[in-house]
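Student: Below, each chain spelled out in residue letters.
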Amino acid sequence: MPELIAVRGLRKQFPNVLAVAGVDLTVNAGEVFGLLGPNGAGKTTTLEMIEGLTRPDAGEITIAGLTWERNATEIRARIGVQLQATSLYNKITPREALNLFGSYYPKRRGTEELLELVQLKDKADAYHVTLSGGQAQRLALALALVNDPDVVFLDEPTAGLDPQGRRSLWEVVRAMKGEGRTVVLTTHYMDEAEALCDRLAILDHGQILRSGTPAELIAGLGIPSVVELTFDGPAPDPADFAARLGSAVDARGDVWEIPTPDPKTMLPRLFTAIESAHLEYNQVHVRRATLEDVFLQLTGRSLRD
Amino acid sequence: MNLPNPFKLLALQFRSEWRLYARDRGAMFWTFAFPLLMLFGFGLILRSGGPQTLTLVRVAPPRETARDVAFVKALQDSKLKVLTLTPSDAKQRWEKGETTVQLESAGDGYRLKLNSYLLAQGQVVAQAASQAFLIAQSRLNGMPEPKRIPYVIESPGHARSDNYAAFLVPGLIGLNLLSMGLFTVGMVTVSYREKGKFRRLAVTPLPKWVFLLGQILQRVTVVLVQTLLLLLAARFGFQITNQGSYLVFGALVIFGTAAFLAMGFALSSTASTVETYGAISNLAFFPMMLLSGVYFRIDGAPQWLQKAIFILPLAPFLRMLRAVFNDGGSLAGETIGLAIIVGWTIVCFAIAVKRFRWV
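One line per chain: the protein sequences are A and Y, in this order.
Just so you know, we're using the working numbering here: the first sequence kicks off at 96 and counts up by one.
Just so you know, we're using the working numbering here: the second sequence kicks off at 1481 and counts up by one.
One or more of the hints may lead you astray.
As the list claims (entries may be wrong) - DSS-like cross-link-like pairs, simulated, lysine-lysine; straight-line CA separation at most 27 angstroms:
1. Lys186/A x Lys1627/Y
2. Lys1593/Y x Lys1571/Y
3. Lys1488/Y x Lys1561/Y
4. Lys1787/Y x Lys1688/Y
5. Lys202/A x Lys1559/Y
6. Lys1677/Y x Lys1488/Y
7. Lys272/A x Lys186/A
8. Lys1488/Y x Lys1553/Y
9. Lys1559/Y x Lys1627/Y
10. Lys202/A x Lys1593/Y
11. Lys1627/Y x Lys1677/Y
12. Lys1559/Y x Lys186/A
13. Lys186/A x Lys1488/Y
14. Lys1571/Y x Lys1561/Y
15. Lys202/A x Lys272/A
16. Lys1627/Y x Lys1488/Y
17. Lys1488/Y x Lys202/A
18. Lys1677/Y x Lys216/A
19. Lys1675/Y x Lys1834/Y
20. Lys1576/Y x Lys1627/Y
21. Lys186/A x Lys1593/Y
22. Lys1675/Y x Lys1688/Y
23. Lys216/A x Lys202/A
24. Lys1688/Y x Lys1677/Y
Don't read these hints as lab results, they were simulated from the structure.
Just so we're clear, the structure is a prediction, and the values are computed from it rather than from any experiment.
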């Protein structure tokens, strides 16, 4: 797939924090690319520099061979953007907003088609201020598509949505990909990143820790499975037990997590150790490793922390 | 790449701004009805009853003779208002200093008593009374009436200067401009920036000047409509019309609009939240509104205060607007006032251009 967006050495210093500390990434045409990281990792700043909203201190950005220095208007005409918070006039209706924003572009999609796509037909003539959070979010998404963009940037598109709202938004993102658009999104939900993204970059403290397909990232862990032992109440200190088991044990809340490349041999050893330690536990689970584990291994912290 | 024609976009933006503005009933009320309510409210309460008349206090004689009746008739024909009071009432009024001229019977004739404090007015009344006396005499004797020289009372400038509404109209026009600049432009700009409305626009290819100019044009048309409404209300509610050139009047309104628009944009760059801006704009708004002579003259204020407030744009603006609207004058002698307005426009515009932020 041809490279559509190339970012090299991107940096941004805010008065009291180095928000982005040298980011390189490439996004290929037609893929869904995710920036995954906890709040404050620099995802939004990185995205806003690519969108031309924030001027980088250093670094290069090219989008379809165009640069912000020379082709700003042309880039703006070809990208669609959903900001983290989209603020519109209180008393504009979705139909009017789509017509108004559509008028700014050389190429535009039909208002009715977009209203249909984001399921806002029955709210088409309601004032923006009366829309629910999910409806406003869907309108923001429709506005990002109003110019039939080649690239769509979505900043935390599912933040604040209920599970059903998130699913339907995922469907819209998949539909965008189906139409051949390139999508770049930020998220701090690892399930979202895993479900939507062809490739992703894990960001923390303004730097990319790893990037690749979700499968590559998880495979890179070398620990395809995690055995979880849950307790009633807070998990006890696992140090003695880890020594007895001869394997690393991480305590997280009321759970011990034991990463293992091979659950088949781990489980008998685990039960032997439990028996000899007279350990009182609640349940045992075996699950596949996730992006959460990748993040945990890379930073020693959970995404949600 | 064929971007849409910016002038077409400007027209769309302007139309959209107006449509959204019209949906905000509260804003509409404050903008259009409030100045009219002020004008009718204060204009009617403080109205002094049309053109001034000269009043003559007549001490009622013990018995009205035919000559007395003829004299009173002749006085009234001379457009003098004759107020006949009992001797004690007349004495009381005289002692309060409210009487300009008092007409008393003296022997078989009359005597005029003139208030020394109001000598200028009193002399006019006395002369008119003397004329009326001659006329009354002639009428009683069946002789031809002597020719009377008619008079009108008019101040050189303020054709209806005794009408408070006439003073208020330019004041309200100025106040509209001030609140347009500080609130609808400055406040809205800060709020759009704070809420991120500008950010959403900044990722579209809409040229920024189109958006700003669309907003400015909408605000300017609002001010023009407000001014027109006030002029119409003054004309049909109070018979007050512009005494000067409409061209000069219009030019002044445009100068003022530019100054207060620039001031709003400049002030908007000083605050990042609506709360901060509210404090800053009130700090600018209230002294100007209260001290610049919107509602009342500030002639009584200390000289230093009058000089200080004249440095701010509203006071000189109102003085010039009144010089034209009320006095029918030109701007020939108003170089300093004009310089202050233009100076504010340039300084604020420079600050706005240098410091204006979209995000």
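Student: Each of the hints needs a verdict: does it hold here or not?
Tutor: Results of checking the hints against the structure:
no.: 1; hint: Lys186/A x Lys1627/Y; verdict: 72 angstroms, violated
no.: 2; hint: Lys1593/Y x Lys1571/Y; verdict: 12 angstroms, holds
no.: 3; hint: Lys1488/Y x Lys1561/Y; verdict: 64 angstroms, violated
no.: 4; hint: Lys1787/Y x Lys1688/Y; verdict: 39 angstroms, violated
no.: 5; hint: Lys202/A x Lys1559/Y; verdict: 77 angstroms, violated
no.: 6; hint: Lys1677/Y x Lys1488/Y; verdict: 21 angstroms, holds
no.: 7; hint: Lys272/A x Lys186/A; verdict: 32 angstroms, violated
no.: 8; hint: Lys1488/Y x Lys1553/Y; verdict: 72 angstroms, violated
no.: 9; hint: Lys1559/Y x Lys1627/Y; verdict: 15 angstroms, holds
no.: 10; hint: Lys202/A x Lys1593/Y; verdict: 89 angstroms, violated
no.: 11; hint: Lys1627/Y x Lys1677/Y; verdict: 77 angstroms, violated
no.: 12; hint: Lys1559/Y x Lys186/A; verdict: 60 angstroms, violated
no.: 13; hint: Lys186/A x Lys1488/Y; verdict: 23 angstroms, holds
no.: 14; hint: Lys1571/Y x Lys1561/Y; verdict: 18 angstroms, holds
no.: 15; hint: Lys202/A x Lys272/A; verdict: 19 angstroms, holds
no.: 16; hint: Lys1627/Y x Lys1488/Y; verdict: 70 angstroms, violated
no.: 17; hint: Lys1488/Y x Lys202/A; verdict: 16 angstroms, holds
no.: 18; hint: Lys1677/Y x Lys216/A; verdict: 24 angstroms, holds
no.: 19; hint: Lys1675/Y x Lys1834/Y; verdict: 22 angstroms, holds
no.: 20; hint: Lys1576/Y x Lys1627/Y; verdict: 36 angstroms, violated
no.: 21; hint: Lys186/A x Lys1593/Y; verdict: 71 angstroms, violated
no.: 22; hint: Lys1675/Y x Lys1688/Y; verdict: 17 angstroms, holds
no.: 23; hint: Lys216/A x Lys202/A; verdict: 22 angstroms, holds
no.: 24; hint: Lys1688/Y x Lys1677/Y; verdict: 12 angstroms, holds
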